[in-house]
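As given, the protein sequences belong to chains L and V, one line each in that order.
Our numbering puts the first residue of the first sequence at 1, with every later residue one more than the last.
Our numbering puts the first residue of the second sequence at 85, with every later residue one more than the last.
Honestly, I wouldn't trust all of these hints.
Subject to a maximum C-alpha distance of 27 angstroms in a straight line, what follows is the list of computed DSSO-like cross-link-like pairs (lysine-lysine) [unchecked claim]:
hint: 1; chain 1: V; residue 1: K88; chain 2: V; residue 2: K150
hint: 2; chain 1: V; residue 1: K150; chain 2: L; residue 2: K66
hint: 3; chain 1: L; residue 1: K66; chain 2: L; residue 2: K42
hint: 4; chain 1: V; residue 1: K90; chain 2: L; residue 2: K21
If we take Cβ atoms under 7 angstroms as the criterion, some of the chain V residues that face chain L in the derived model are [unchecked claim]:
hint: 5; residue: L95
hint: 6; residue: A110
hint: 7; residue: R123
hint: 8; residue: K126
hint: 9; residue: Y127
hint: 10; residue: E129
hint: 11; residue: V156
hint: 12; residue: M157
hint: 13; residue: E163
In case anyone wonders, no lab produced these hints; they're calculated from the structure.
Just so you know, even glycine gets a beta-carbon here, dropped at the ideal spot from N, CA and C.
2 protein chains.
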Amino acid sequence: MAYKAKIRVTLRPSILDVQGKAAQHALANLGYTSVESVRIGKYMEVAIEEQTAEDAGRVCTEICQKLLSNPVMEDFTFELEPVN
Amino acid sequence: MAYKAKIRVTLRPSILDVQGKAAQHALANLGYTSVESVRIGKYMEVAIEEQTAEDAGRVCTEICQKLLSNPVMEDFTFELEPVN
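Kindly produce the complete structure, drawing on both the sequences and the hints.
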């Protein structure tokens, strides 16, 4: 069965987000002073073909830990949904 | 009032995702052959201080169009939530 995983990888709150700070300053220069902070992470959509949702969830957790995120600096969350 | 916008920026379906293809091949080499496709985008959390949710949504749409996404190649969606 086919599943789609929607994965969000975010920098841990204690890690300085230089890219996000740069975006925030650029927005302030454009006049968007109501934007108080920007934090930038990754969003991934992964198609997984497994028998059960449990198997797909296990694969998704493993690939996030091993390749798609850096566990030292980043956290990840995902939602799994079946695809018709 | 403070709002948090959770923004997803994704490559349009017609655009080849080279980074995603590389990740998929790396996963196949690690043995995760049930992963059939990977598409990589950006996930951003933006804190916005505006009077109303309408104002915050308008600011969010504008900053996505002007700075946070490339409208030629990317789509964006966001959810807005009030912060206590």
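We went through each hint and held it up to the structure:
| no. | hint | verdict |
| --- | --- | --- |
| 1 | V:K88 to V:K150 | holds, 19 angstroms |
| 2 | V:K150 to L:K66 | violated, 34 angstroms |
| 3 | L:K66 to L:K42 | holds, 15 angstroms |
| 4 | V:K90 to L:K21 | holds, 16 angstroms |
| 5 | L95 | violated, 10 angstroms |
| 6 | A110 | holds, 6 angstroms |
| 7 | R123 | holds, 5 angstroms |
| 8 | K126 | holds, 6 angstroms |
| 9 | Y127 | holds, 4 angstroms |
| 10 | E129 | holds, 5 angstroms |
| 11 | V156 | violated, 19 angstroms |
| 12 | M157 | violated, 15 angstroms |
| 13 | E163 | violated, 12 angstroms |
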